[in-house]
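K.L.:
Given chain A's structure and the hints, the job is docking chain B onto it.
Residue numbers (my numbering), protein chains in the order written: chain A, 1 to 247; chain B, 1 to 268.
Be aware that a few hints might be false.
Between beta-carbon pairs, the in silico distance windows are [unchecked claim]:
id, chain 1, residue 1, chain 2, residue 2, range
1, A, 70, B, 32, 16 to 26 Å
2, A, 16, B, 172, 52 to 62 Å
3, B, 102, A, 64, 24 to 34 Å
4, A, 40, B, 137, 32 to 42 Å
5, A, 240, B, 163, 28 to 38 Å
6, B, 178, A, 74, 26 to 36 Å
7, B, 80, A, 160, 42 to 52 Å
8, B, 165, A, 64, 21 to 31 Å
9, B, 45, A, 70, 27 to 37 Å
Below, in silico cross-link-like pairs of lysine to any residue (SDA-like), each with a Cα-Cα straight-line distance of 20 Å or less [as the list claims (entries may be wrong)]:
id, chain 1, residue 1, chain 2, residue 2
10, A, 184, B, 105
11, A, 184, B, 203
12, B, 21, A, 184
13, A, 184, B, 100
14, A, 184, B, 141
15, B, 21, A, 67
16, A, 184, B, 106
17, A, 184, B, 117
18, A, 184, B, 183
19, B, 21, A, 150
Quick caveat, the hints were computed from the structure, so don't treat them as lab data.
Virtual Cβ for every residue (Gly too), placed ideally from N, Cα, C.
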Amino acid sequence: MIDAVFAPVVAFFKPLGLNYAFLLDAMDRQAFWRGMGVTLELCLLVIPCSLAAGVLIAAALTSGRTWLALPTRAFVEVTRNTPTLVQLYCAFLVLNMLITQQLHQYGANPLTPLMWVVIVVSLHKGVFHAEALRAGIEAVPRVTLEAARSLGFSRRQLLWRVELPLAVRFALPSLINNLVDLVKMTAVASAIAVGDVTYESIMIWTQRDNVLELLLLILLYFGLLTWFVSVVGRWLETRLRMPGYGQ
Amino acid sequence: MANDLTLPHGAGGVDISLWRKPWAASAILAVCVITFWVTTGTTPAAVAYLWQWLPALLQGLWVNIQISVLAMALGTFVGLAIGALSLSPVAAWRVSTRWYVNLFRNAPVLVLIYFTTYAFPFEVRVLSWTFAFPDWLKVVLGLALPTSANVAEIFRGAIQSIPSAQWEAAQSLAFKRREIFRLIVLPQCVRRMLPPWMNLYASITMSTALASLVGVHDLVDTAQIASNTVSRTDFTILVYFTLLALFFAYCYPIARATRALERRHDRH
Numbered sequence: 001m002i003d004a005v006f007a008p009v010v011a012f013f014k015p016l017g018l019n020y021a022f023l024l025d026a027m028d029r030q031a032f033w034r035g036m037g038v039t040l041e042l043c044l045l046v047i048p049c050s051l052a053a054g055v056l057i058a059a060a061l062t063s064g065r066t067w068l069a070l071p072t073r074a075f076v077e078v079t080r081n082t083p084t085l086v087q088l089y090c091a092f093l094v095l096n097m098l099i100t101q102q103l104h105q106y107g108a109n110p111l112t113p114l115m116w117v118v119i120v121v122s123l124h125k126g127v128f129h130a131e132a133l134r135a136g137i138e139a140v141p142r143v144t145l146e147a148a149r150s151l152g153f154s155r156r157q158l159l160w161r162v163e164l165p166l167a168v169r170f171a172l173p174s175l176i177n178n179l180v181d182l183v184k185m186t187a188v189a190s191a192i193a194v195g196d197v198t199y200e201s202i203m204i205w206t207q208r209d210n211v212l213e214l215l216l217l218i219l220l221y222f223g224l225l226t227w228f229v230s231v232v233g234r235w236l237e238t239r240l241r242m243p244g245y246g247q
Numbered sequence: 001m002a003n004d005l006t007l008p009h010g011a012g013g014v015d016i017s018l019w020r021k022p023w024a025a026s027a028i029l030a031v032c033v034i035t036f037w038v039t040t041g042t043t044p045a046a047v048a049y050l051w052q053w054l055p056a057l058l059q060g061l062w063v064n065i066q067i068s069v070l071a072m073a074l075g076t077f078v079g080l081a082i083g084a085l086s087l088s089p090v091a092a093w094r095v096s097t098r099w100y101v102n103l104f105r106n107a108p109v110l111v112l113i114y115f116t117t118y119a120f121p122f123e124v125r126v127l128s129w130t131f132a133f134p135d136w137l138k139v140v141l142g143l144a145l146p147t148s149a150n151v152a153e154i155f156r157g158a159i160q161s162i163p164s165a166q167w168e169a170a171q172s173l174a175f176k177r178r179e180i181f182r183l184i185v186l187p188q189c190v191r192r193m194l195p196p197w198m199n200l201y202a203s204i205t206m207s208t209a210l211a212s213l214v215g216v217h218d219l220v221d222t223a224q225i226a227s228n229t230v231s232r233t234d235f236t237i238l239v240y241f242t243l244l245a246l247f248f249a250y251c252y253p254i255a256r257a258t259r260a261l262e263r264r265h266d267r268h
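Bound-form chain A, shown alone (with noise of 0.2 Å):
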């Protein structure tokens, strides 16, 4: 039934020289459909988990405590200037390996590799989300504060009725440009054999030979995913534009 769909589909791309016939395989569509599911779980796990890392890394970077702020300043910088890929073996081949040794009496490691892409990509995007929100707080006008604290707010009160919801809406457009970084980021993951789109096309492509056809359509999954983002990111935009603030 299914074959009946995509045929037509094959045999329109068959004269302009690219050949889709591994729509008609079972076995090739489906690791291909499992492989985008797997990039949209990845997307949807890391852009949570990398906001609540950016909060996190800005609250210790701002806390003024210098036991603190110290080592996160010299994690943000080592995660700013080194490849992710190289993050993500230190990860996956140095810290999971020590812990699969130290777990090795107790049982099998419940780290799975596509864990450890998410714990990666997530602190690596966390840090540029958390100069954002730092660039965001600072943008916050000294007056609107004082105006605040005048009026009675207490310093809880000031933060989050005040401060944060003013830092968020300026650090917005950067944050969804980051998360837009991330979903292209989330490629990576094939590099340890997690089974994302770009790592189940290139398991197809290596038997069939259909690289250009497999790479467009990665594009193409890739461009709706990044498009998807920053057309809720526009509409998070107007919807929490406050009149007098930016623009």
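P.N.:
The following block gives chain B in isolation, referenced to the frame of chain A:
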């Protein structure tokens, strides 16, 4: 006494100055530890192996640097042309460059590297008759694509950030369009483009690590070979963190210089 307030930590002068220079402190510490190991002959086996593999690792880093420099040069060259076209008065140029920039900025770099690695030989087979088309060159092309799209965007942004009043003022002083561009707008643009361009270079350098996934013998690949050959847990830990340190040592100074430049521009 005022001195109580200005000198809270008392006489810990040496201690503080070392803390202020963490690089110097750690370098001195490293030299001390190594001298101790060498003189007493108690060098840990993993460190000895690392010393043995260090030339290979540095050679790998050199491959990464070559790829990044070539990709950046090619990407800048193409990107400037595309950026100029995106400002053209002809709508067709503007639309097609817009598509190019959006496509290659929104595609994962890894996917583009796979693209050039696996898709190019079939189309360039006519050329590979006469000369080889090595994998590292394909990676250069794969990295040059996103670079050119980003450079085009940086260039367009810089040109558009020059107030249009300057064009009008120059026109009223009887400068030609070409002269305004070359003598007035471009010199200001170069200054504005430098920090984001350096940022881009750092990020392209980090992306060269992906070359190892398509079989280029770069730093990451060398580290993997070393780790598999020696096959010791402590050496594996050491070699992967050395990998991290080597990339950091190359990219961090670039990031520092970029930030310094940005600060200087903010002041002007």
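K.L.:
State for each hint whether it applies.
P.N.:
Quick rundown of the hints versus the structure:
no.	hint	verdict
1	A:70 - B:32: 16 to 26 Å	23 Å, holds
2	A:16 - B:172: 52 to 62 Å	54 Å, holds
3	B:102 - A:64: 24 to 34 Å	42 Å, violated
4	A:40 - B:137: 32 to 42 Å	34 Å, holds
5	A:240 - B:163: 28 to 38 Å	30 Å, holds
6	B:178 - A:74: 26 to 36 Å	50 Å, violated
7	B:80 - A:160: 42 to 52 Å	47 Å, holds
8	B:165 - A:64: 21 to 31 Å	44 Å, violated
9	B:45 - A:70: 27 to 37 Å	33 Å, holds
10	A:184 - B:105	10 Å, holds
11	A:184 - B:203	14 Å, holds
12	B:21 - A:184	38 Å, violated
13	A:184 - B:100	17 Å, holds
14	A:184 - B:141	19 Å, holds
15	B:21 - A:67	17 Å, holds
16	A:184 - B:106	7 Å, holds
17	A:184 - B:117	19 Å, holds
18	A:184 - B:183	39 Å, violated
19	B:21 - A:150	43 Å, violated
Violation of the numbered hints given earlier is confined to hints 3, 6, 8, 12, 18 and 19; the remaining hints are satisfied by the structure.
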